[in-house]
Amino acid sequence: TFDNLIYGLISTIQEKRKFKCEKVNETIFQEFEKLNLDLAVKRLFQWRWFSEDIDVGPIIYSSGNILTYEKENNFLKKGLIQIGDCQNGDEIFLRVKDLSVFYWSHDEAIDWQKDEHSLFLAYNRIENLLLNICNKNFIPWDANSAREYFEILSGC
Numbered sequence: 001t002f003d004n005l006i007y008g009l010i011s012t013i014q015e016k017r018k019f020k021c022e023k024v025n026e027t028i029f030q031e032f033e034k035l036n037l038d039l040a041v042k043r044l045f046q047w048r049w050f051s052e053d054i055d056v057g058p059i060i061y062s063s064g065n066i067l068t069y070e071k072e073n074n075f076l077k078k079g080l081i082q083i084g085d086c087q088n089g090d091e092i093f094l095r096v097k098d099l100s101v102f103y104w105s106h107d108e109a110i111d112w113q114k115d116e117h118s119l120f121l122a123y124n125r126i127e128n129l130l131l132n133i134c135n136k137n138f139i140p141w142d143a144n145s146a147r148e149y150f151e152i153l154s155g156c
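According to my numbering, the sequence shown is numbered sequentially starting from 1.
Read the hints as simulated data drawn from the structure, not as lab findings. Wrong hints could be hidden among the right ones.
Unchecked claim - Have a look at the derived ranges for each label pair, beta carbon to beta carbon:
1. Leu39 / Ile152: 33 to 39 Å
2. Glu72 / Asp98: 23 to 29 Å
3. Glu151 / Lys34: 17 to 23 Å
None of these values were measured; they are calculated from a predicted model. We put the beta carbon where it would ideally sit given N, CA and C, even for glycine.
From just these sequences and the hints, can you work out the full model?
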């Protein structure tokens, strides 16, 4: 199931990559409880996510920073939650309805909106991103590389 696979991946990431993944403190836990998220997604960020930002090419945010950016930007109203960003200003999002990972292109955005025109699918599921982190595989460093990466993996 989702929970078992995520738990296994996060445990392996901690062992192989030495990234800290810990349960968040009570304040952050309660703030995630208030968000309109599926329980499995809440538990992912509350119990099984990175406790510090990690640099894997782009930066993947800690649970605390995911919460901070959500409070500042309210991306959940668009069905997204920001989980990272790239050195060029592109941003990485989890689409909460299907747990897919998108990169937002600042170059293609219209008025800085996070919309379908400027979002590019990189991973069909968050587990694919975590698997690549775990195995030290390539992680797209911006929206252009994410688009090309997905096209190659999809055989397009």
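Taking the hints in turn, this is what the structure says about them:
1. Distance hint check for Leu39 and Ile152: the Cβ-Cβ separation is about 34 Å, which falls inside the suggested range of 33 to 39 Å.
2. For the hinted restraint 23 to 29 Å between Glu72 and Asp98, the CB-CB distance of approximately 24 Å keeps it satisfied.
3. In this structure, Glu151 and Lys34 break the distance hint of 17 to 23 Å, their C-beta atoms being roughly 38 Å apart.
In summary, the one numbered hint that this structure violates is 3.
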